[in-house]
Amino acid sequence: MRKISMLALVCLLAVSLGVSCKAKTKPTPPPSPQAQEQPVVEQVKEAVPAESAPLSEEELFLKKTLDEINKERVLKMVRFDYDKYYIRDEAKLTLEDNAAWLKKFTTAKILIEGHCDERGTEEYNLALGEKRAKSTMEYLLSLGIPAERMRIISYGKSQPLDMAHDETAWANNRRAQFLVIEK
Amino acid sequence: MKKHAFVRIAGLLLAAGCASAQQDFNMRITEGMPAVSFALPPFVSSAAAKTEAAEIYSVLEADIKYTRIFELLPKSYYGYIRPLLDPNNPDFKEWESIQTNVLFAARIEDDPAGGFVFAWVLYDVKSKRPIIAPRRYQYKDKNLRYLAHATADEIMKAYGEKPIFTSKIAFVSNRDKNEELYLMDYDGANQIRLLYNQVNDSNPAWDPEGKRLAYSSWQNLAVGVYILDVFEKARTRVPVSLKGQNYTPAWSPDGKKLAFASSMSGNHEIYVADIEANPTRVGRIKQLTFNPGIDIAPSWSPNGREIVFTSDRGGTTQIYIMDAEGGNTRRISFGANHHDAPAWSPNGDKIVYVARVDNVFDLYLYNIRSGQISKLTEIYARNESPAWSPDGRHILFTSNVSGSSQIHTIDVDGRNLRKLTSQGENKLADWSN
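Line by line, the protein sequences are chains A and B.
Counted from 1, the first sequence has number 101 at position 101 by the numbering used here; the numbering is strictly sequential.
Counted from 1, the second sequence has number 124 at position 124 by the numbering used here; the numbering is strictly sequential.
Pulled out of the complex, with its shape left as it was, chain B reads as follows (with noise of 0.2 Å):
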């Protein structure tokens, strides 16, 4: 396990070395990163057990072909060794011969309490020792899709990643006629509707510890800044500010303060909140931009130090920094072209926004570093609102490549492309920590 880190480590060092351009970024992550090989074979399983034992193995697989930090070994592969019939004694020599690094062995078995039994441990296999030690999930009506996503979750850390696989993503959709916020996996699966109003609600953005989410809603003829206990059975509704028309709220990283955009003075201007937790209570707010122009869609840097945002004071629409407190302001994108919603990384390393260039929009990736700027979707179409995945590698925005507006995400080197929603048209979508 150590060794595989520091192969990775050892890859972004390279990578940082080379000092320029999209090809360069492009090379490290697909030919600079070398994969671990991961052996994922069948789930040893009672005849009871089939369909859940089908369910979760190809939940799991899904979820592990997505990180691009393990390499799946071809099916084929399993054929030429014998078949793994105890999960807590592999042949680790067999499974050594056709280039297995890690190995995931489970079983699902019937409890005798009821339900099932889903045992798995998780091997290094040329040092012949488990990587994480034998896990039981007991489990009797438990989503079967979140047993798997927990599991990925848990092989994540071992890695010293941040887990993904259980995280939620809230959208707004128009399915069920008006803009209403829903919620879904991070795959797409288990689409939800959130909130029940006549009118629209929108720009939902999660509080750092995912339980929260800020939103706009298009209640009693305004539009406020209201929080929302997602996961609370009350669901208190907390209003944040309705004076004026409130629009992208974004949380600070310790989930003390929502920046968002409000017309409360007259003009756009971007405000930071006081927001006191258990129950939600909001304090003081401040005013941070003062100008004539549009100020809209802060985001902040992951330390909580600066706020990038959407301004077009100086007569373009363009993305700037400053400081948490205000002031300090710097411009960081640059031409004629429309720019906005801009979204700091977890990491810290990169901003993602969207700019429009003959008409096509498209999201770009300005590294704070190097201040350089690249290209990250190709799609002829309009790629828009772009937030980050919890660990920093996916970006989830909206495209309406098929036609319609949808939500997709893509890998930071601009792979892996994904449509998540089909449903009526859905946009502005945020994933949670």
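Bound conformation, chain A alone (with noise of 0.2 Å):
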């Protein structure tokens, strides 16, 4: 962009010198269509606030859909021993950093879908991915984040991050996860 302006400034310049000093620079070839269309005074105006003033944190966070949110995964998953809710110790490190987010960003509100890996029988899993949600969100109420905020459900183990049926699977499937679903 700057090149194409700077482009456009030489050529306008030219032009103007052309008109003053007629006799001197006879073929000077026409300004290219291009750099015609290039209004110098408009590439100025929207370069300006940019530099000025950078968007901060909050307004970048305002600026992006829900599904941009979400793609940025910046709410970290917490993982669960088998066939249990409790919140292991190193989930709670990850869930202090996910309250941190949420205590930056004021307006989010999440939802946290806790799964079950495939040994659970389907009916059970049901209540017992509910169980790891809401151990998860009492961790975060724990941490400072409001009731309003936070909504749980429980998708059991019909949805498996690892199709595998491995250890390593089932301790990968075994999760609450979170989705950003205001802002």
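Keep in mind that the hints were calculated from the coordinates and are not lab data.
For each residue, glycine too, the CB sits at the ideal point set by N, CA and C.
A hint or two may mislead.
[What the hints assert, rightly or not] No farther apart than 20 Å at their CA atoms in a straight line, the calculated lysine to any residue pairs in the SDA-like style are these:
1. Lys84/A with Lys243/B
2. Lys64/A with Phe105/A
3. Lys177/B with Asp162/A
4. Lys84/A with Thr316/B
5. Lys140/B with Glu52/B
6. Lys84/A with Gly315/B
7. Lys109/A with Asn220/B
8. Lys183/A with Asn220/B
9. Lys109/A with Leu221/B
10. Lys109/A with Gln219/B
11. Lys84/A with Arg313/B
12. Lys177/B with Gln159/A
13. Lys84/A with Gly335/B
14. Lys84/A with Asp358/B
15. Lys84/A with Gly314/B
16. Lys243/B with Arg149/A
17. Lys84/A with Pro292/B
18. Lys177/B with Lys64/A
19. Lys177/B with Arg149/A
20. Lys168/B with Glu425/B
21. Lys84/A with Leu221/B
22. Lys243/B with Ala147/A
23. Lys183/A with Gly335/B
24. Lys243/B with Ile153/A
25. Lys109/A with Gly244/B
26. Lys84/A with Asn337/B
27. Lys84/A with Arg356/B
28. Lys243/B with Leu111/A
29. Lys243/B with Glu138/A
30. Lys177/B with Pro160/A
31. Lys109/A with Ala222/B
[Claimed, not checked] Sample of chain B residues lacking proximity to chain A, with all beta carbon distances greater than 10 Å (derived):
32. Glu71
33. Ala133
34. Gly160
35. Asn203
36. Gly210
37. Ala222
38. Val223
39. Ala261
40. Asp349
Please assemble the complex out of the two chains, which come individually in their own frames, going by the hints.
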């Protein structure tokens, strides 16, 4: 962009020069149509606010769609032990990070989804997944995130992340993950 | 006909006399119950109705075979006698000579009013009398499969059995992305999508009349239990419980109550809602369980007096029975294994449930009277979410034996395994009455 505007400036200059001293520069080539379509004034106008006042993190956040925010996965998921729903120590650190993000973007509301591995039964896993979502919510509550910013839901074992049937896959699938549903 | 019925009852009594164990139980069905020899000769038909005749024949043949009450006469036997030309006048001596007990004689002819007429009679060969008097089905654009199933149902009724062939199976499939409710015939034909939501719908449960489905829906970022009028044009959807998360609905046998699991009080408990019909309306909701564990997956006894359900109140996930009003709770499954998804048989004598042993899920049958437990499935796979056929002879369940989760049926003696679905992943099937 900058190059183009410089070019336009040079051309304009050349044109004005050409006007003032016709005799000297007779074979001046006509300005390219591209250059003519680029009004110099507008270019400057656009550039100024971006340089002088960059968007705040909050403004950037508000500019994004929910889809974009969720794609960035700023809220990290937490994992659980087999058939358990208590918050593990390393998950507490993750949830502290998540709480910090939620405290920064105070308008954000989230859905906490509880998931299970395939070793539980279909029906029981619905309840277990909900318990995982709930204990995650309760931990965030204890970190000062208000209840009205959080909702929970369970998907049981119907949405595995890892389709394999081994310990690694199971450990991966026993999780609570986050969806930003309002901002 | 009376004689056959007597033989069958005798077979049952014999089995009841057998004191113990799985082996005796298997013996009863396979050896103690003599199958009735059933002749199904080709239908007499006009040239114009050949295709229709062939389709009805093949569906009816599959239905009769599925019962295992009847044994189809080998087709080669028909070659030993003169072909049946007049369904109203069979030569009984000839049919008896090839060991036929029951003869299904049918004709398909053009209907002067348009369409066809499917006329049939079911005979008892020995007494030379019809078991079912001549029937005439006129049809134009009707589903031929349905016609065959309706015929099979009449035959079942004549033998004092609960008909199952025109029943419907509701199930959950992800074939169109999100988990959604689908319907199919008992044999897996005519699979159709029932709802078109962007969110998941699951846990379908038929009301006793086979008209309404209770189910869980992930509508509005919460799991609610709803009732849907399946065959109504307007298909009204009535919310039953939207507070907390709500799962696994189950109708009482009289259709006046709906049991379900809910976390409305913070923890998963079993609740029962009063349901009025015409139009569907939800009355009082009563909480039946009170403990800090998970209580889920209720199923009613056929007399409506008790409810069997899953609970982890004792530390491991086990099957319990309680009174339908709550209380008097006792445990029926044991061991450290994970148990779930109990379903009470329509005859009231058994409860089928899933148990995980060494990471393999299999279905088990709990015999109410003897307290004995026998293993139903011996498939090295994940076999889950059982439901009974209306006649209590077959069990519908989910298995991933083929590599993906699919709906299957198996007979109560562990034989006659049949796969009904193959598109996408399918689960949580329920069989209508």
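Hints versus structure:
Between the alpha carbons of Lys84/A and Lys243/B the distance comes to roughly 24 Å, so the proposed pair goes past 20 Å and is violated. Restraint check for Lys64/A and Phe105/A: the C-alpha separation of about 13 Å stays at or below 20 Å, so the hint holds. With a CA separation close to 17 Å, the supplied pair Lys177/B and Asp162/A stays within the 20 Å bound. Annotation: proposed proximity of Lys84/A to Thr316/B holds, straight-line Cα distance about 12 Å (limit 20 Å).
Between Lys140/B and Glu52/B the CA atoms are separated by roughly 11 Å; this keeps the pair inside 20 Å, and the hint holds. For a cut-off of 20 Å, the pair hint linking Lys84/A to Gly315/B stands: about 11 Å separates their Cα positions. Taking the CA atoms of Lys109/A and Asn220/B, the gap is about 14 Å. The hint holds against a cut of 20 Å. For the hint pairing Lys183/A with Asn220/B, the CA-to-CA distance comes to about 17 Å; that is within 20 Å, so the pair holds.
The hinted pair formed by Lys109/A and Leu221/B meets the criterion: a straight-line CA distance of about 12 Å does not exceed 20 Å. With a C-alpha separation of about 18 Å, the suggested pairing of Lys109/A with Gln219/B holds against the 20 Å cut-off. As the CA atoms of Lys84/A and Arg313/B are separated by approximately 14 Å, the hinted pair is consistent with the 20 Å bound. Note on Lys177/B and Gln159/A: the hinted pairing holds, with a Cα-Cα distance of about 11 Å set against a maximum of 20 Å.
The hinted pair formed by Lys84/A and Gly335/B meets the criterion: a straight-line CA distance of about 19 Å does not exceed 20 Å. Taken as a hint, the Lys84/A and Asp358/B pair is honoured in the structure, with Cα atoms around 18 Å apart against an allowance of 20 Å. A hinted pair counts as satisfied when its Cα atoms are at most 20 Å apart, and Lys84/A with Gly314/B qualifies at roughly 15 Å. Taken as a hint, the Lys243/B and Arg149/A pair is honoured in the structure, with Cα atoms around 17 Å apart against an allowance of 20 Å.
Under the criterion of a C-alpha separation no larger than 20 Å, the hint pairing Lys84/A with Pro292/B is consistent with the structure, at around 14 Å. A hinted pair counts as satisfied when its Cα atoms are at most 20 Å apart, and Lys177/B with Lys64/A does not qualify at roughly 26 Å. With a C-alpha separation of about 29 Å, the suggested pairing of Lys177/B with Arg149/A is violated against the 20 Å cut-off. A hinted pair counts as satisfied when its Cα atoms are at most 20 Å apart, and Lys168/B with Glu425/B qualifies at roughly 19 Å.
Restraint check for Lys84/A and Leu221/B: the C-alpha separation of about 23 Å exceeds 20 Å, so the hint is violated. About 16 Å separates the Cα atoms of Lys243/B and Ala147/A, which keeps this hinted pair within 20 Å; it holds. For the given pair, Lys183/A sits about 49 Å from Gly335/B by alpha-carbon distance, which is inconsistent with the 20 Å threshold. For the hint linking Lys243/B to Ile153/A, the alpha-carbon distance of about 12 Å falls within 20 Å, and the restraint holds.
Proposed proximity of Lys109/A and Gly244/B is supported: the alpha carbons are some 18 Å apart, at most 20 Å. The straight-line distance between the Cα atoms of Lys84/A and Asn337/B is roughly 15 Å, inside the 20 Å bound, and the hint therefore holds. As the CA atoms of Lys84/A and Arg356/B are separated by approximately 17 Å, the hinted pair is consistent with the 20 Å bound. Proposed proximity of Lys243/B and Leu111/A is supported: the alpha carbons are some 16 Å apart, at most 20 Å.
Restraint check for Lys243/B and Glu138/A: satisfied, since their Cα atoms lie roughly 18 Å apart, inside the 20 Å limit. Between Lys177/B and Pro160/A, the direct Cα distance comes to roughly 14 Å. Compliance with the 20 Å bound is thereby established for this hinted pair. Annotation: proposed proximity of Lys109/A to Ala222/B holds, straight-line Cα distance about 15 Å (limit 20 Å). The claim that Glu71/B lies off the interface holds: its Cβ sits roughly 36 Å from the closest Cβ of chain A, which is beyond the 10 Å cut-off.
Distance check for Ala133/B against chain A: the nearest CB is about 46 Å away, which clears 10 Å, and the non-interface claim stands. Look at Gly160/B: its CB is around 34 Å from the nearest CB on chain A, clear of 10 Å, so calling it non-interface holds up. Against the 10 Å criterion, Asn203/B falls within the reach of chain A, whose nearest CB is about 8 Å from its own CB. Against chain A, the non-interface label of Gly210/B holds: every CB pair exceeds 10 Å, the least being about 22 Å.
A beta-carbon of chain A is positioned within 10 Å of the beta-carbon of Ala222/B; the least distance is around 6 Å. With a cut of 10 Å on Cβ distances, Val223/B falls inside the contact zone with chain A, its closest approach being about 7 Å. At roughly 7 Å from the closest C-beta of chain A, the C-beta of Ala261/B falls inside 10 Å, breaking its exclusion from the interface. Against the 10 Å criterion, Asp349/B stays outside the reach of chain A, whose nearest CB is about 23 Å from its own CB.
The earlier numbered hints that this structure contradicts are 1, 18, 19, 21, 23, 35, 37, 38 and 39.
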